[in-house]
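Engineer: Chain by chain, the residues:
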Amino acid sequence: MVTLLNTVEDKVAREVCRQYGDRPEELLEIFHTVQAQSGYISDEAIRTIAHALNRSRAEIHGVASFYHDYKREPGAKKTLKICRAEACQANGSDQLIEEAEQMFGTKLDAKAKDVKLEATYCLGNCALGPAVMVDEALYGRVDAKRLEMIAKKHGAKQKGAAS
Amino acid sequence: MSVKVYVPCDAAALSMGADEVAGAIAKQGGSDVQIIRNGSRGMLWLEPLVEVETPKGRVAYGPVGEDDVASLFAADFLSGEDHPLGHGVTEEIPYFAKQERLTFARVGITDPLSLSDYEAHDGLAGLKKALKMKPSEIVAQVKESGLRGRGGAGFPTGIKWETALAQTEPQKYLCCNADEGDSGTFADRMLMEGDPFCLIEGMIIGARAIGADTGYIYLRSEYPHAIKTMRRAIHIMEDAGWLGDDIQGSGTNFHLSVRVGAGAYICGEESSMLESLEGKRGQVKVKPPIPAIKGLFNKPTIVNNVLSLASVPIILDKGGAFYKDYGQGRSLGTQPFQLAGDIKQGGLVEKAFGVTLRELVEDFGGGTYSGKPVRAVQAGGPLGAYLAPDQFDVEMDYEKLAEAGGMMGHGGLVVFNDTVDMAKMARYAMEFCEIESCGKCTPCRVGSVRGKETIEKIMDGENVKDNLALIDELCDLMTDSSLCAMGGLTAMPVQSAIKLFPEDFTERSK
Ligand SMILES: Cc1cc2nc3c(=O)[nH]c(=O)nc-3n(C[C@H](O)[C@H](O)[C@H](O)COP(=O)(O)O)c2cc1C
Ligand code: SF4
Ligand code: FES
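Residue numbers (the numbering used here), protein chains in the order written: chain C, 352 to 514; chain F, 24 to 533.
Where hints are given, some of them may not hold.
Said to hold, decoys possible - Pairs of lysine to aspartate or glutamate residues, derived as EDC-like cross-links and limited to a Cα-Cα distance of at most 20 Å, are as follows:
no., chain 1, residue 1, chain 2, residue 2
1, C, Lys458, F, Glu454
2, F, Lys303, C, Asp465
3, C, Lys458, C, Glu424
4, F, Lys395, C, Asp494
5, C, Lys504, F, Asp42
6, F, Lys155, F, Asp42
7, F, Lys423, F, Glu382
8, C, Lys496, F, Glu43
9, F, Lys303, C, Asp494
10, F, Lys317, C, Glu424
Read the hints as simulated data drawn from the structure, not as lab findings.
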C-alpha cells in the first residue's frame with residue numbers, strides 16, 4: 352500500500368472520492384464534483400484521486416485531459432460559453448464572438464482572469480442561435496446588446512469597467 | 024377558480040426569458056392564475072409560448088416578453104381574448120396541427136414531473152402491457168414496428184434487443200445515449216425536459232425485454248436542465264415503485280441513474296460512451312465484439328438513443344402494427360425533425376418518414392429568419408452532407424436521403440442563407456474533427472489537421488487546383504480507413520460543399 356508521505360492530500364478530492372465509494376467507474380462524476388467545489392482539478396487532486404481509486408496518476412491524469420470540461424488550472428471569475436457549431440454559425444456566431452472579444456478585451460479560448468470566452472459546440476438551442484451559456488443559464492438569439500445584458504446579470508466585468 | 028396558464032420550462036424557452044415571464048404572470052395574476060411549467064410545444068420561434076386554458080382549448084400567445092405581460096392582462100388573455108401576440112388555439116396552429124406526434128405526443132402538454140398528468144395522458148400504458156408480456160413478445164412488437172435507431176446509424180432496434188436477449192450472461196446493462204452532440208439537434212433534450220417519464224418507461228420496457236437490471240442515461244453536461252429533470256423524474260418513479268426491485272410485482276428489477284458527460288463529442292459513439300461510463304478516456308473500441316454481446320464491463324449491453332427508447336412505450340401500447348403504419352419503405356414510424364440555423368420558424372417537427380425536405384424547410388420552417396434566400400442545408404449533423412435547394416424535393420427517409428447523398432443522422436436540419444462561405448464550412452468540418460477526434464487512428468487524428476490546413480491554403484488562393492485534388496484524396500483516405508464514423512464521415516460535409524458550391528473554393532477574391 353502506497354502512502355501519501357511527503358505529499359499534500361487534497362481534502363476536497365479525498366472527501367468526494369469517499370462519497371462515490373472510491374469506485375473507479377465514478378471517475379467522471381468525481382471530477383465533476385471536485386471541479387464544482389474547487390473550480391479546477393489540481394495536481395494534488397489528481398494524486399489524491401489516483402491513490403483513493405487505486406489507479407496510477409498517469410491514468411487519472413489521462414482521463415482528466417481527455418475531456419474538454421475538466422480544467423487543470425484555476426480559471427477566470429466568469430466563463431461565457433459561446434456556441435460556434437454550425438447552426439449558431441448560420442446565425443452569426445462568428446460576429447458575436449468578435450464583438451465579445453472586444454467587449455471583454457480577451458480572445459476566444461484564451462486564458463483570462465476576469466472573463467473567459469470559451470468556445471462550445473452546441474448547447475441544444477440551435478433554432479434560437481447564437482446561443483450562450485453562463486454557469487447553468489442558457490441564452491438564445493444573443494447579439495451584442497443581449498450579451499451586455501447577460502454580462503451585467505452575471506457580474507462579468509467588461510473591458511475598461513471599474514472593478 | 025383560478026385559470027391554468029402554461030409557461031414552458033424547456034431550456035430553449037428559458038433561454039428567451041420564460042422564467043421571468045412566469046414570474047411576471049404570477050405576480051400580476053395572483054390567485055387568479057395557476058402557473059404550470061410544461062415542456063415546449065416545439066414552436067421555438069414563439070418561445071416563450073404562453074398558453075391559457077379556456078373552454079375552447081389552450082390558447083397560445085408568443086413570443087411573450089416580460090414587458091408584454093401587463094398588456095396581456097389588459098386584453099384579458101385569461102379568457103383567451105385577442106392580443107397582437109395571440110395565435111388562437113395552440114393545436115390549430117398549422118405548424119403543430121400538421122405534425123404526427125407519436126414520440127412527442129405529450130411534450131408541451133403535460134407537466135413533465137407530474138406522474139398523475141403522465142398517466143392521464145396515456146403514460147405507463149405501454150409498460151403495464153409489457154409487464155404482462157414475455158421478453159420475447161416485447162422484442163417481437165418492437166421488431167414488428169420497424170423502429171430503427173434514431174441516434175444516427177438507423178440499426179433496427181428490435182434486432183439489437185433480440186441479440187441481447189439471447190445472451191445467457193446474467194448481468195446485462197441498458198444504456199441510453201443522451202449525448203446529443205450534433206449541431207442542429209435538440210430533440211433528445213426536449214424529450215427529457217418535456218416528458219422524462221416517457222424515456223424512463225421506454226427503458227424499463229427495454230430492461231425487461233433483454234433482462235437488464237441496471238441502466239444508465241449518459242447525458243451531456245451541456246444540458247443542465249435536462250440533467251435535473253431526469254434525476255428528479257427517476258426519484259419520482261422510484262418512489263412510485265416503477266423503478267427498483269420487483270417492479271409492480273412483475274419480477275422485473277431495474278435500477279436507473281444518470282451519468283453526466285464531460286464535453287466530448289466522440290462519447291456519443293457507443294463504444295466510446297461505454298468506456299466513459301467505466302470512468303475511462305472515451306476512446307473508440309474496435310468492433311466486434313458488439314456491445315449487445317460484450318459491452319459495459321464486458322457484459323451484454325444495449326445502447327439506444329433517447330428517441331429510440333422514448334418511441335417504445337407507444338409501440339407497446341398501440342402495437343408494432345400501429346407504429347409501422349407511419350412512414351414508407353424501410354423507414355417506418357415517425358422522425359422528430361429539428362429545424363435549426365437561419366430559419367424563420369425553427370423548432371421540432373415530428374412527421375412520418377417521407378415528408379420532403381422542401382416541406383420541412385419552406386412550409387414548416389417558412390424560409391430563413393434573416394429573410395435572405397436559402398443557399399444550403401446541412402442534414403444529419405456535423406458529419407452530414409450539405410444539400411442545395413435543387414435537391415429539396417428529396418423524401419426524407421433513410422434510403423432516399425442516402426441516394427441523394429445525404430444522411431438522416433439524428434434528424435437535424437441546419438439552414439444557411441446565401442451569405443454562407445462554404446469553404447469556411449468545409450474548413451470547420453475538418454477543424455471539428457480535429458478538436459473532437461479521440462486520437463486512436465491516424466487518418467482521423469492527422470488527416471483532420473492536414474485537411475484544415477489544406478482548405479486554409481485554398482481559401483488563400485494557393486495552388487487551388489492541386490490542393491482541391493489533395494483534399495479529395497485525403498477525404499477518400501479518411502472515409503476508407505478511419506475506425507469510426509467521426510473520421511469516416513467528415514468527408515461528407517467537405518466533399519459535398521466542394522461538389523455543390525465549387526465557386527466558393529475556386530473563385531476566391533483574396
Ligand atoms: C462520432 C459519433 C457520434 C455519435 N453521437 C451520438 C449521439 O450523440 N447520440 C446518439 O444517440 N448516438 C450517437 N452516435 C451513434 C451511436 O454510436 C449509436 O449508434 C447509437 O447510440 C445507437 O442507438 P440507436 O440504435 O438507438 O440509434 C454517434 C456515433 C458516432 C460515430
Ligand atoms: S475515426 Fe477518429 S474518433 Fe473514430 S476512432 Fe479513429 S481517431 Fe477516434
Ligand atoms: S449549434 Fe449552437 S446551440 Fe446547437
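Engineer: When the structure is checked against the list of hints, which entries are broken? Sort them ascending.
Structural biologist: 2, 6, 9 and 10
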